[in-house]
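J.: Spelled out from the first residue to the last, the chains are:
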Amino acid sequence: MNLVLDIVSWIFLCTGGLLGIIGGIGIHRFPDFYSRLHAAGITDTLCAGLILIGLGMQSGLTLASFKLVLIFFMLLFTSPTATHSLSNAALHSGLKPR
Amino acid sequence: MSHNLILRIISKFLIPLIILFAFYVQFHGDFGPGGGFQAGVIFSVAFILYTLVFGLDSAEKIITPVVLRILASLGVVIYAGTGVASLLLGANYLDYDVLGKTPVAGQHVGILVIELGVGITVASVMILIFYSFAGRDRD
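Note that the protein sequences, when read in sequence, are chains C and S. Just so it is clear: in the first sequence, position 3 is 3 by my numbering, and no numbers are missing. Every number in my numbering is 1000 more than the matching position in the second sequence, counting from 1.
It should be emphasised that the hints constitute simulated quantities derived from the structure, not laboratory data. Some hints here could point you the wrong way.
Which chain C residues stay away from chain S? Per the calculated CB distances, all over 12 Å, these [claimed, not checked]:
1. Leu3
2. Tyr34
3. Thr45
4. Gln58
5. Leu70
6. Met74
7. Pro80
8. Ala89
Selected chain S positions facing chain C (Cβ under 8 Å, derived; list incomplete) [stated by the list, open to error]:
9. Ile1062
10. Ile1063
11. Val1067
12. Leu1071
C-beta: ideal position from N, C-alpha, C; glycine also.
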């Protein structure tokens, strides 16, 4: 049981890390602002979420995993809002999507 | 300002949580990572977020710069006053041992009061610096 939990949590951690790397490559390689924001915003939420789920499986039902749940909800609300307000500001200051 | 709808709703929801976290960092400072400086900065971040979203004028209605200046000096007074209190109780300056019944209890009281003073000063000075930067193009 412990081994299964360990394997599943490492699958979550590695997938989250991979998504983070993919997001970084996307920010670096995509041509314009909006597609870069898309790469950052999409991978950011899922990457952080998967890493937090993996860490929560590692720590078990403790105070640490409750704090991880709080961080997860914090990111769930703030990260899309940050992406939205960035793209909103770019659109209102006159940057046209290609 | 209707294009800021999502930002306004989310920040209304987040500002109380940021202040709550600031108090957690403040009063948990003698058991774990945290303390007055960090808590003051987190506390001021709530007001800076409010100022960014709702504008400088409505933020200055909540805390005016005059009140902030008074609070900034009040924190220093609390810090120095703790030292003077321990002087009056017959120990060295900022020697917390005499503030409680036992030395350990006295040290708990002393560090809490000191960190409260630091937190008040740091928070109000951070908000004041942000106010003066944000209000540069007024005059």
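J.: List, from low to high, the hint numbers that the structure doesn't satisfy.
T.: 5, 6, 7, 8, 9, 10, 11 and 12
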